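Protein chains in written order, with this note's numbering: chain A, 1 to 401; chain B, 1 to 156; chain C, 1 to 278.
I should point out that these hints are in silico values taken from the structure, not numbers from a laboratory. Bear in mind the structure is a predicted one, so any value in this text is a computation, not a measurement. Even glycine gets a Cβ: it sits at the ideal position worked out from N, Cα and C. You may find that some hints are simply not true.
To be verified - Sample of chain C residues at the chain B side, in silico, Cβ under 10 Å:
| # | residue |
| --- | --- |
| 1 | 93 |
| 2 | 116 |
| 3 | 118 |
| 4 | 119 |
| 5 | 133 |
| 6 | 179 |
| 7 | 251 |
| 8 | 254 |
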Amino acid sequence: MGEHGGYLFPNDLHILWELMIVMYPYVTGLVAGAFILSSLYHVFHRNELRPIGRLSLVASLGFLLFAPWTLLLHLGHPLRCFNVMLTPNLASAMAMFGFIYAAYMALLVFEIWLVHREDIIMLASRSRGVTRWFYKVLALGVYDVSEEAKQVDHRVLVVLAGLGIPGASLLHGYVGFIFGAVKANPWWSTPLMPIIFLCSAIVSGIAMVIILYQIGMKFSGRRIDPPCMQSMARWLWLFVILSVTLELLEIMTLAYERAEEWTVIGPLLVDQLAFTFIGIQLVLGAMVPIILLGIVVLMSRYLTNQIRNTLCFVASLLLLLQVFAMRWNVVIGGQIFSKSLRGFRESHSPGLFEKEGVALAIVLFVFPLVFIVLFNRILPVFEPPDEEVPIEGGPCPAGGE
Amino acid sequence: MEHAKHIIRAVLLLVLIAVAFVVVRHFALPETFGMHGHYRFRSVAEHVARAPFHGAPGACAECHDEEAETWSGGAHRSVSCEVCHAPFGTHVEADEQAAPMRVQPSYLLCGRCHQRLAARPKEFPQVALSDHVAENGEEMTERVCLECHDAHNPSE
Amino acid sequence: MPTTPANDSDAAVRQEVDSPPSTRREFIKCTASAVGAGVVTLVIGDLAAGAGEAGLTTTPSDVADGGYDWTRHRYVYLIDTRKCIGCGFCVRACAQENDVPPGYFRTWVERYRVSRTGETEVDSPDGGKNGFEPPVSGRDITKGFFFPKLCNQCTFTPCVQLCPVGASYRTVDGVILVDEKRCIGCGYCVQGCPYGTRFIHPEKHVASKCTLCYHRITRGLKPACVQACPVEARMIGDTRQVGDKVAEIIATERVQVLQPELLTEPNCYYLGLTREAR
């Protein structure tokens, strides 16, 4: 019972869902966002996105691999986690996690395998010994790279990537549903929740790929493809605007209707969540990037490549922060007020070295990045460059449409 | 189909994993799960099997018939013995006395019901404890209430 | 990168695998159909077990000792807030009977103090376990009352709906229980309960809640809180028993439930519920 006071139900004194439950939608959001970005190339043939076609898929897989760990760290009985697949309660939103996760994992691995199949076969033929066996197993013992086989690959790939769009939407929309379907909590319970989650997921996914792509190019000493960067900036801009609009719409509706729950949510937003909501989610994380990306999108012809890249990089970093703040405000914000609707807890700050502490959260965020680096040592993450035309510092040729 | 062999293999691999899952799930399902609904039925029996800690009504009177007699005629007859004393389970195990009964003969205990509070129903007998003690010329000691009232039959 | 590797070693790799004997294909077909049939049998078996055909007559007494038949009971709980004196003995009895960890509550008592201008103060120090002290501030209280709370044993309860693993369930006699051996401790049910009656047990790391003292009511005893109440503010009834006093009150008097707009259909009824209580 804090200074903020009021009356809290006696069992409501504890914040139950902590940092790891903030991490979980954040990480799955990166999964879904990166995948949907890759689909723009694989399904909708936005060919300017070819340079990040593979990277976004592999990033998606990396984050997918570590998403369950956030949940395992949170569970009271992590060893019983397979109960979710053993006796799933079909009425529970959360029970679907195991199946949606497994199906999506299968789909993603399948797609990445198809994208890299030629490389696998080539590497199998080039290497010796154990490595050779490794690539042979990866190729499933089929070494057909004829034109017909490639056409089959392409057809299957389009179908998989096509299935992957509803798959990714389901994976993340359902995370939003987990919160949106809790009618006991007025800050969570809204049908808009899955859509808001999905939009901000796409934002975080694109932002993450922009950052990974720029860093990757820097380290491999290759050129950042201006049309690709310009295109990602455009998509990112669109989805930030959508996402922030939805986030604001939900709150404005509550406020305008003077809904019952506004008596707690209003004070919550301007008091306990003032910094993370107004400061980060709205101003620093949304308004600033919208302006920066606006410059990139609207004034493209006046920008040098370097300025464009820097603007995109900074905007992406801020957006990663914004989406994290949004998850935080939903998950923690929903537990700051008591279900009595009469009182607030002290605002919550996680410990450093506990089970749901900051240190482990950072580790879980870094592991996927390590995974991408390791993956790159086995199979190429970046598309082979077609023919390099070194135009440094000039205006972007295809940028302004 | 000639050139789709790798696709077929990959799909077969996925099917194999799915089959393995179904088989493992079958053998890992807990006993009595799903007999009455989506839960482990034996869990109900586990709840039932817990031993009560508070006694059945009349359990105290089996040994303490005198006190029970006084109590049953007074205004405190609606107050279960264990409220002022302690749960049956702290005192009796397997029909034998396991430990002495704890009592709290203090005005604090009486005050829990009879201290005047604005939220208490008006008709319920209640006093402002310190005023009531002073009015009757008593000192505020631990057992002050018992100077005038018999806890088993307070109106006497 | 070259896309069509056509060196010698690659050709060798291809030859190794590209000549399946026709017998192998036959073998795969046979195995596949056998495995398929087996899997179908398993799935149907599991589904049939889930349908519970065998279970309709089984009762908890078939599993445990004693002659309890849960099809002949349906429990309801009634709280007369006009009688409650806020002694908090129910909270203490519950904690002792059920070994409830300190700082967590399966039941608790709230105190409401409403001034003439409608300002409402609510408190529940340590859940009311040690009773209530007179308030320090001398505000003009025009309406005051105590308000006991516990699990509402809802008919359409969100907690059972949300539990991902089937560890929370509703018994045939209308009590919501937790299977502590299957609960994974995710806390979704705690978030989903509109009444705040659930918590994650700090040592067992599983969801915990009021069981209506299921081990007592199945033996014909009253729940510890009901037995401890000195003024009969808490009552338990059984709508499947003819002439049940509590069932009669619920059937004939103006009773109310908490947060009826959520349509959880609680089986815990209140007499004297007023708009301040939630």
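Each hint, compared with the structure:
1. Hint on residue 93 of chain C holds. Least Cβ distance to chain B is approximately 6 Å, under the 10 Å limit.
2. Interface restraint check: residue 116 of chain C against chain B, minimum CB-CB distance 13 Å, threshold 10 Å, status violated.
3. Taken as an interface hint, residue 118 of chain C does not check out: its beta carbon lies about 16 Å from the nearest beta carbon of chain B, beyond 10 Å.
4. Taking 10 Å as the C-beta cut-off, the interface hint given for residue 119 of chain C is violated, the closest approach to chain B being about 14 Å.
5. For residue 133 of chain C, the interface hint holds, the least distance from its beta-carbon to any beta-carbon of chain B being 8 Å, beneath 10 Å.
6. With a least beta-carbon distance of about 4 Å to chain B, the hint placing residue 179 of chain C at the interface is held under the 10 Å criterion.
7. Here the hint on residue 251 of chain C is broken, as its CB sits about 25 Å from the closest CB of chain B, past 10 Å.
8. A hinted interface residue such as residue 254 of chain C counts as satisfied when its beta carbon comes closer than 10 Å to some beta carbon of chain B; here the least separation is about 19 Å, so the hint is violated.
Of the numbered hints given earlier, the model fails hints 2, 3, 4, 7 and 8; all others are met.
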